[in-house]
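Asks: Each chain, written out:
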Amino acid sequence: MKMRLFSPRNVRLLRRGPRDVLGSSCGGPCSPSPPLTSPSVPPVALCRALSSLTASRRGLPQKKMSENGISRPKVLTLDTMNPTVKMVEYAVRGPIVQRAVELEKELSEGIEKPFTEVIKANIGDAQAMGQQPITFFRQVLALCSYPELLNLDNTFPEDAKNRARLILQSCGGSSLGAYSPSQGIDYVRQDVANYIERRDGGVPCDPDNIYLTTGASDGITTILKLLVCGQGIDRTGVMISIPQYPLYSAALAELGAVQINYFLNEDNCWSMDIQELQRAVNEARQHCHPRALCIINPGNPTGQVQSRDCIEDVIRFAAKERLFLMADEVYQDNVYAEGCKFHSFKKVLFEMGPEYSETVELASFHSTSKCYMGECGFRGGYMEVINMDDDVKSQLTKLVSVRLCSPVPGQALMDLVVNPPQPGEPSYNCFIKERTATLSALAEKAKLTEKILNTVPGIRCNPVQGAMYSFPCITIPDKAIKEALEKGQQPDMFYCMTMLEETGICLVPGSGFGQKRINEGFVVMTILPPIDKLTILLNKVKEFHQRFTKQYS
Amino acid sequence: MSVLQEISPSVRSIKPLQSTPIALRAEQIREELKQGVKKPFREVIDVAWGDAQGAGIKPLTFVRQVLAACLYPQLLDSNRLPTDVKQKARGLLSECHGGSMGSYTDLPGIPQVAREISEYIARRDGGDPPKTGNIFISPGSQWALQNILNLLVHGHGEVRSGVLTPIPCHVTTIESLHSLGGVSVPYYLSEEHGWELQMEELNRALEYAKQVCAPVALYVVNPGNPPGHVQSKKSIQDVIRFALEKRLFLLVDEVYQDCVYADNVEFVSYKKVLAEMGPPFSDTVELASFHSASKGFLGEAGLRGGYVELVNMDPDVIKYACTIFSKDTAPTPGQIALSVLANPPRLGDPSYPLYEMETQQMQTMIKANVRRVHEVLDSLPGISCQPVEGGAFAFPRVDLPPKALQKAKEMGMEPDTFYCLRLLEESGAFITPGCEYGQKEGTYHIRYTLLNDIMLMEVCAINHILINCRHF
Chain B
1 MKMRLFSPRN VRLLRRGPRD VLGSSCGGPC SPSPPLTSPS VPPVALCRAL
51 SSLTASRRGL PQKKMSENGI SRPKVLTLDT MNPTVKMVEY AVRGPIVQRA
101 VELEKELSEG IEKPFTEVIK ANIGDAQAMG QQPITFFRQV LALCSYPELL
151 NLDNTFPEDA KNRARLILQS CGGSSLGAYS PSQGIDYVRQ DVANYIERRD
201 GGVPCDPDNI YLTTGASDGI TTILKLLVCG QGIDRTGVMI SIPQYPLYSA
251 ALAELGAVQI NYFLNEDNCW SMDIQELQRA VNEARQHCHP RALCIINPGN
301 PTGQVQSRDC IEDVIRFAAK ERLFLMADEV YQDNVYAEGC KFHSFKKVLF
351 EMGPEYSETV ELASFHSTSK CYMGECGFRG GYMEVINMDD DVKSQLTKLV
401 SVRLCSPVPG QALMDLVVNP PQPGEPSYNC FIKERTATLS ALAEKAKLTE
451 KILNTVPGIR CNPVQGAMYS FPCITIPDKA IKEALEKGQQ PDMFYCMTML
501 EETGICLVPG SGFGQKRINE GFVVMTILPP IDKLTILLNK VKEFHQRFTK
551 QYS
Chain P
1001 MSVLQEISPS VRSIKPLQST PIALRAEQIR EELKQGVKKP FREVIDVAWG
1051 DAQGAGIKPL TFVRQVLAAC LYPQLLDSNR LPTDVKQKAR GLLSECHGGS
1101 MGSYTDLPGI PQVAREISEY IARRDGGDPP KTGNIFISPG SQWALQNILN
1151 LLVHGHGEVR SGVLTPIPCH VTTIESLHSL GGVSVPYYLS EEHGWELQME
1201 ELNRALEYAK QVCAPVALYV VNPGNPPGHV QSKKSIQDVI RFALEKRLFL
1251 LVDEVYQDCV YADNVEFVSY KKVLAEMGPP FSDTVELASF HSASKGFLGE
1301 AGLRGGYVEL VNMDPDVIKY ACTIFSKDTA PTPGQIALSV LANPPRLGDP
1351 SYPLYEMETQ QMQTMIKANV RRVHEVLDSL PGISCQPVEG GAFAFPRVDL
1401 PPKALQKAKE MGMEPDTFYC LRLLEESGAF ITPGCEYGQK EGTYHIRYTL
1451 LNDIMLMEVC AINHILINCR HF
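Read top to bottom, the protein sequences are chains B and P. Read in order, the letters of the first sequence are residues 1 to 553 in our numbering. Read in order, the letters of the second sequence are residues 1001 to 1472 in our numbering.
So that you can see chain B by itself, here it is in the shape it has in the complex (with noise of 0.2 Å):
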């Protein structure tokens, strides 16, 4: 298990680029040097037989010896593989999900814990939290699957078939289970330009824009693996907040671009600050070419909503700068806070006239995962692009290609969620209950956990105003820290370890998610359970951090 110690500037100071990795592992003479044997070699051939030297240098690979005596080390090794996927950690499934997928089957093997269940309170999984999923889309769903289906009466409304039979038209072969383009079923992208037309009160929407992607994630990714390139000082870097979401920090890591690091305003709720956007900005340019800024709102895991004037200014940033936005915007139906609504950066972008609306080059992000339906398992989502290259869009849908195509299921599911029942439809009421239900519901656990947090002393929490987590401040006594240090562990990962094993609840540490200060910590924690569960989680969680103060004061 590797722990990382750095400070965020260290990190980045780790994370130069491959060219400083590769370097490393080939030794000085791999760089721009003259040849030093014969020039019939050619230059790969010397590299590689250099940086093998280096390798054996070092005294690896290692041998192993196999049984009738012939050494035999693998191929892949640590030592061979891509040194640009060593850099990838991935918090959200890290080191504490391990230990808790762990902990669960030991329960289930009988063995005897402090707990009887597991609460995995790390991950935005609203169905594992016991969300029901809206009926009309799991309908349709099982209408597409299984038309046989569509022959019964009284099953199902007569929207939900229609509604399958149009999904059905619009695929391959009239099934799920063909390949569907590269770029999504065209039926729905443009129900889904249709969605986003409405969304932004008429800013006009091209579905040839609109690619559909396997859950937002994949959208992300593909996007950065576009964009990063050059070598050394040139080399992409990509301007993400922090506290982020790892899935930037893992994607950058994978791809050896630079990561930028610009710190959220905690004592303004989470707010985003253009200073602190052009300090980092100044900073990196003396190491990288910063190419891209990506925005998470609401927030993730801080769970801020940006104001208007706010995502404005950003949109001024990144036009001074010259940087493509990234606008990660997969929970925009998750708003709770009074007076806090969301506004999407292209409907501001479009507002700003066509000095901002025709140059600056966005990107923007949804799926199926978050919101009000909570279909995660699904892998649905899409991105929009705007102002971006003939060419490079070109290259773009060459990229995606090389996925063959989205899931359909999750495809269609995009469609529904774009495009729901509408009033005077049979499903229309029993919709709007599910929705609200579930949307209220959020927006009082938001309170809730806000409310219960803040009475804890030593625990600081921010209103939930977006999104799904609360991302709560922990005052962790030195002796815990001295401790936490001594194992070799952030303090906020021992902090969160142990109330794992004491409590069962599994929360990730911020420090995954880039938050790191001396004697405070972060944790993640969603809102999603019931309420009756949350609280009793709640209540938990404050009285493990008592105990655990006292424990270590």
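Source of the hints: derived by calculation from the structure; they are not laboratory data. Accuracy of the hints is not assured; some may be wrong.
What the hints assert, rightly or not - FRET-style restraints, in silico, Cβ to Cβ: (1) P/Arg1123 with B/Lys86: 34 to 40 Å; (2) B/Lys393 with P/Val1212: 28 to 34 Å; (3) P/Gln1074 with B/Gly110: 32 to 38 Å.
From the three backbone atoms N, C-alpha and C, an ideal C-beta is built for every residue, glycine too.
Since chain B is already given, all that's left is putting chain P on it; use the hints.
Replies: Chain P alone, transformed into the frame defined by chain B:
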């Protein structure tokens, strides 16, 4: 000026499909037919892709019943579905978090599906079921392949990693490799010997590879795509020996393992042969074997379900494989298709008779198509087709007259692309050209799918003659 003027060179290096102009024209012709434009045919016959359901083949009832029941569990209370369907659906749902298909799944996938795959592998190969920790379920086998390539390939810097890839070969893998910055080094399959994989050629390719990159892996497609060759046990043993000796990681695409049609030919998995060879092979040679719900009798390509089984992989590296695979868990509908692939209805189950009938029908249809391919093509001058033993495609060679070559050159097209376009214009048949898959210089091929229930062979054959007479 665009921010994105400069983009990733790896992405730029992905080649556009050679068949794109043909696909675009096919789409136009469809539109023209809709608008009533007169053509010598009534519809475009799409036999370009190995997409069974796209070509109109019905999905297996059992798969779709289980899927519907999982999607809308209220169906479990009705008497509309057979009891074994309900039982399977209940089992699967009970292992999804929150009892719902709408939740994320942990690695390697829904636990029941992983167990079923492990048992399926044991039934196929003998021996103990592999640990589910060596299996990763993904949104299609290509996704799994990309993840493994990502572990293997150093895509940046001075020394790029190389993978030996067959020619001809379907494009997706090679383009995945390019998108990661890897180098594909071709080895040619021997058409004269029924598209056999020959060891001298592998040796030649490897020697060449060493000049241009750092070869790390060998990619094999068995049964083949596009040529429907099925490797013999002996050939697989040779490849395994080669991999051990030359220190190459084996990437084995076995997605057509259920699609073998020729008499006296059977599919043997690399894993099985590897185990039978004993040490040092069985405990050393690193192997990744890919399978999918998209092909075979399921043909559930749209659901996106595939898996990889890893053999002899360094446990330290597996940890990183976990990280990479955990970022993109497989969609639950695709996992359910895999569950049926690995554990279909058995004799005595209520759904068995229908399942058996549907799979038999498909088998019969494909076998008939294969027979027709050979009957028709073998009688034609200018076309020759090696025995189609398995897979989903026929890949005949076409001799094009000099005039055709001349004409193609004038139009700035590959000769077989030109041929496919003419065939489309005159017969409505949409097939893909050999240049898309790679071929020996001076030879031309066409690929079309066997997964189609129409008398396409005849259409192709007649038109081939017509085109030759009329134009050249």
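Asks: Would you list, in rising numerical order, the hints stated earlier that this structure does not obey?
Replies: Violated: none.
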